[in-house]
Amino acid sequence: MDLQGPSTHLGSTAARFPRRSGARCGPLRFVLLARLLGAAAASLMVANAGAEAVADAPARPLLLATTTSVQESGLLDALLPEFTRTEGFVVRVIAVGSGAAIEMARKGDVDVVLAHSPAAEEALVRDDIAARRTPLMENYFVLAGPPEDPAEVAQAESPEAAMGRIFARKAAFVSRADRSGTHVKEQSLFEAAGVDPAARWPGRVETGSGMGGSLLVAGEKRAYILSDIGTFLAFRDRIGLVVLSKPAPSLRNVYSILPLDPSRFERPLESEGAAALERYLASPAVQRRIRDFGRDRFGESLFSPLRLPPEGGQ
Amino acid sequence: MPVAEILEISLRTLRVCGVALLIALALGVPTGIVLGTRRFPGRGLLVTSVNAGMGAPPVVVGLLVALLLWRSGPFGGLGWMYSANAMIAAQVLIALPLVVGITLAAVGAVGDEWHLQIRTLGVPRRWRVWLLVREIRMGLLAAVIAALGGILSEVGAVQMVGGNLAGETRVLSTAILMSTSMGDFDRALGLAAVLIGLTLVLSGLLTAVQQGGRP
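If you read the protein sequences in the order shown, they are chains A and B.
Each number in my numbering comes from the position in the first sequence (counting from 1) with 598 added on.
Each number in my numbering comes from the position in the second sequence (counting from 1) with 457 added on.
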């Protein structure tokens, strides 16, 4: 009894095969389609993530849009757990470029913004989107590059002159090109040097990515790049670039918190939580923690607090 | 957003994915056929790793390629990091297990009867492989659809090894990610429409070929 054996079903197998193969392909295509639709849906959902988080969470969630440089520094991870414990708000941090953070604020997708793009922030206050702008801390942008310094920017008398040298020598340069606060600063420095910020040359690349990713690109390409000091210190050992600029007024980088004005939006905002976060971050105890943040890891502070009263006899 | 830029990004996407697909097919189909028709020591291990590779997270593949291609890595001397070549390398690694695995499954479905029949008919050895390819063409098209769909929409690995550089390594998926993080949702939606349209047209074409070829 070997009816299933090979010799008895020669013809029918060949005829059966295509149908079986078709049936196997069907679900596969389905999976692919589902995956594609999923990817599309995911990109759409980013814009709505804020609204959903509010509906789902049991505690009182507070939506904070901030810049990647703040998030990547680890400062918020160090400060926010205590805020949640003492004030009872769970802070959902949405880390994007300053441009996107401000865009989200204009749509009322978040409750409060922590950014470093002063002109755009002042426009938010002027347009009555934000209730007020409270500067919290500052540091300096740095112009980093390979230690060989082919464009000799270390000898430049100002950051603007350094950017001018990079353009004049057509040196390798990595631009964020993502409308972040750092990108805005990069453009204003080029402009101040008399260089069209949109000028292209073969060594200039645009990443359109966050600070960390752009620093990795600059490290590989041995290129100059403008960075916030915090992210640069975190990546310094990995990329082998060095700081070539000296602190200058034009490299000042001020981070401010902007609670939104709830009367501007139909959707209720967590304005109480936003004000609580503003108070908390500006409080002397937290300002001192901001001052000390990063000393253990990098040997220097990443941020200088702006709301700390001068301490005489400490 | 400028149409010229969308066109440029779309053409680059098609070029990079097309090259990666061709390489994955050239390597994967013969491998799948050999794995499906020959018995040799270590075959079980290879089949297991192919099946595992079909579910490998692309972002991990990207990390591995990045570790190999970074200046400090073993292939840093090639200077491929943040270039189209790096993206093609990552996409080949993502697509290859899919191509091998689906080819293998298609060969396995042919069954001993078919091989016996071919041998009984006295088909010369060198023609048998072509008859086999003809027999499994449905499965091969499924492999093409799976591989192309997988690499067209993949974003983690190509962002990691390509860097989304304007005019060099920016493809549709990374441009969508970038536009979204820039808060430029209109541009993100426009690019997403192009990507979905492209995927639908390509898989529609391939499906038409596949269903048209059905005996």
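Careful, some of the hints might be misleading.
[Stated by the list, open to error] One side only, chain B facing chain A, incomplete, derived with CB under 7 Å: (1) Leu524; (2) Met538; (3) Arg576; (4) Asn621; (5) Ala623; (6) Met635; (7) Gly640.
[Unchecked claim] Sample of chain B residues facing chain A (criterion: CB under 8 Å; computed from the structure): (8) Trp527; (9) Tyr539; (10) Asn542; (11) Val580; (12) Arg583; (13) Gly620; (14) Asp643; (15) Val666.
No lab work stands behind these hints: they were computed from the structure.
All figures in this text were calculated on a predicted structure; none of them were measured in a lab.
Where is the CB? At the ideal position from N, CA and C, for every residue including glycine.
Here is how each hint holds up against the structure:
1. Leu524: Result: violated, 12 Å to nearest chain A Cβ.
2. Met538: 5 Å, holds
3. Arg576: Not OK, violated: Arg576/B not within 7 Å of chain A, min 11 Å.
4. Asn621: 5 Å, holds
5. Ala623: Result: holds, 4 Å to nearest chain A Cβ.
6. Met635: Because about 4 Å separates Met635/B from the closest Cβ in chain A, which is inside the 7 Å limit, the hint holds.
7. Gly640: 3 Å, holds
8. Trp527: Check passed: Cβ of Trp527/B comes within 7 Å of chain A, closer than 8 Å.
9. Tyr539: 6 Å, holds
10. Asn542: Check failed: Cβ of Asn542/B comes no nearer than 13 Å to chain A, outside 8 Å.
11. Val580: 14 Å, violated
12. Arg583: 21 Å, violated
13. Gly620: Cβ of Gly620/B sits 5 Å from chain A, so the hint holds.
14. Asp643: 11 Å, violated
15. Val666: 12 Å, violated
This entry does not satisfy hints 1, 3, 10, 11, 12, 14, 15, going by the numbered hints stated previously.
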